[in-house]
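Enquirer: Listed below, chain by chain, are the residues.
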Amino acid sequence: MAVTPDPAARDSELVRRFQAGEEHAFDLLVEGHRRDVYRLAYRLLGNHADADDLAQEAFLRAYRSLSRFRGDSSFRTWLTRIVLNLATDSRKDRAVRRQVPLEEIPIRDHPVQPAFQGAGAFGGEVLQKAVRQLPPRQRETLILRIFQEMKFHEIAAVMGCTVGTAKANFFHALKGLRERVRV
Amino acid sequence: MRGTGMNNCEGIRNALPLLLLGEADPPDAGIVSVHLEGCAACRAEADRLRTLLGSLTTAEVPDPDEAYWQAFLPRLRSRIAAGALFATAPRFRLVAAWAASVAVLLLAGTMVGRWSLPGGKPAPTGNPAEERSDPEALRRALEDLFPAIEVTVTGNENDTVGEMPAADELEKALDTILPAEESEIYTQVEDLPPDARRWLVQALNPGRG
Chain A
1 MAVTPDPAAR DSELVRRFQA GEEHAFDLLV EGHRRDVYRL AYRLLGNHAD ADDLAQEAFL
61 RAYRSLSRFR GDSSFRTWLT RIVLNLATDS RKDRAVRRQV PLEEIPIRDH PVQPAFQGAG
121 AFGGEVLQKA VRQLPPRQRE TLILRIFQEM KFHEIAAVMG CTVGTAKANF FHALKGLRER
181 VRV
Chain B
184 MRGTGMNNCE GIRNALPLLL LGEADPPDAG IVSVHLEGCA ACRAEADRLR TLLGSLTTAE
244 VPDPDEAYWQ AFLPRLRSRI AAGALFATAP RFRLVAAWAA SVAVLLLAGT MVGRWSLPGG
304 KPAPTGNPAE ERSDPEALRR ALEDLFPAIE VTVTGNENDT VGEMPAADEL EKALDTILPA
364 EESEIYTQVE DLPPDARRWL VQALNPGRG
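From first to last, the protein sequence lines are chains A and B.
Residue numbering for the first sequence follows our numbering, beginning at 1 and increasing consecutively.
Residue numbering for the second sequence follows our numbering, beginning at 184 and increasing consecutively.
Rather than coming from a laboratory, the hints here were simulated on the basis of the structure.
Here the structure is a predicted model, which is why all the values come from computation and not from measurement.
Be a bit skeptical, because a hint or two may be false.
What the hints assert, rightly or not - Listed next, the in silico EDC-like pairs over lysine to aspartate or glutamate satisfying Cα-Cα at most 20 Å (straight line): (1) A:K175 with B:E220; (2) A:K151 with A:E23; (3) A:K175 with B:D230.
What the hints assert, rightly or not - Just a sample of chain A residues kept apart from chain B, beta carbon distances all over 10 Å, derived: (4) R10; (5) D27; (6) H48; (7) D52.
Don't be surprised by glycine CBs; every beta carbon is placed ideally from N, CA and C.
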């Protein structure tokens, strides 16, 4: 019977192989994480162009630093931290960039699996705007928990805070969202 | 959080997010469930929170098509290769790797010699620097880097491309050939500083500006 490898164990093996000199191992890491990284970047920055830039830059930085990665956290946690740091830098430094309107992005249809009953009561744009208006730490915590489906101890590791602080940020984020969308 | 502050509605409502996410400790989940059975106000609160969380989870990111994903790794590899040449230029940002790739190609073309007119393509020499001086080879190389852009490279024996502009001018110049619509390329070029514009326009299409 085939055994599905644990993603974290697979990543650890690929990191080990890259650090041993196998360049192709990095390609496999990219292919395994690129969609998640892009989606996180999109949720943080709000448009395709910036998400693409950030995703590429995140992997570029990961490539440059991967030889020094010690495995204190999972590769996914480490990569997510890079994305968040870049998004923070982007918000601080960048002027208004060109944006590709959503309707110009070729979109592939795929089914959405709602995790909750009564899903979809609010339009995507309303919620996306409300999420973007949250304070950065709250927004990042919300995105990591809801969209990246990270556990709070993983979020704490990514954001360099305690589990309690991660939970508090999340609760405040939900409260802030509710005030903005009038729930 | 076990049992702490769970003896009133405020405590119960604080516990709802974790419960709805499936992360509440079992004793807390039990306490909340029992409370909800007897408290209409907290049940309504749970419903509102459930609706909000449901809306969040269904707010999908527009997914780029397969062509984007197929190009993702090759583009990244190009940036990695280009970044290795400019590792000491801290001002280079996200466009820098691509800019550096193009800069290397164009600089190689100018260093080897003036470009010949189209139609007189030299035979491949096996020397990358000499082959890049061929306008057709340069055009293909640029189009490999910027597949959405049709590049015209022509030469004039009396034209030479000037010195490469500073890093930030180069970044800005090449940033203009990455817009979503190709028709914006030449109008945006008009806004560049004169030296950057002259360099870029001559490099990509010497017949203009």
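Enquirer: State for each hint whether it applies.
Expert: Status of each hint after checking the structure:
no.: 1; hint: A:K175 with B:E220; in the structure: violated (23 Å)
no.: 2; hint: A:K151 with A:E23; in the structure: violated (31 Å)
no.: 3; hint: A:K175 with B:D230; in the structure: holds (15 Å)
no.: 4; hint: R10; in the structure: holds (17 Å)
no.: 5; hint: D27; in the structure: violated (6 Å)
no.: 6; hint: H48; in the structure: violated (7 Å)
no.: 7; hint: D52; in the structure: violated (8 Å)
In this structure, the hints that do not hold are numbers 1, 2, 5, 6, 7, in rising order.
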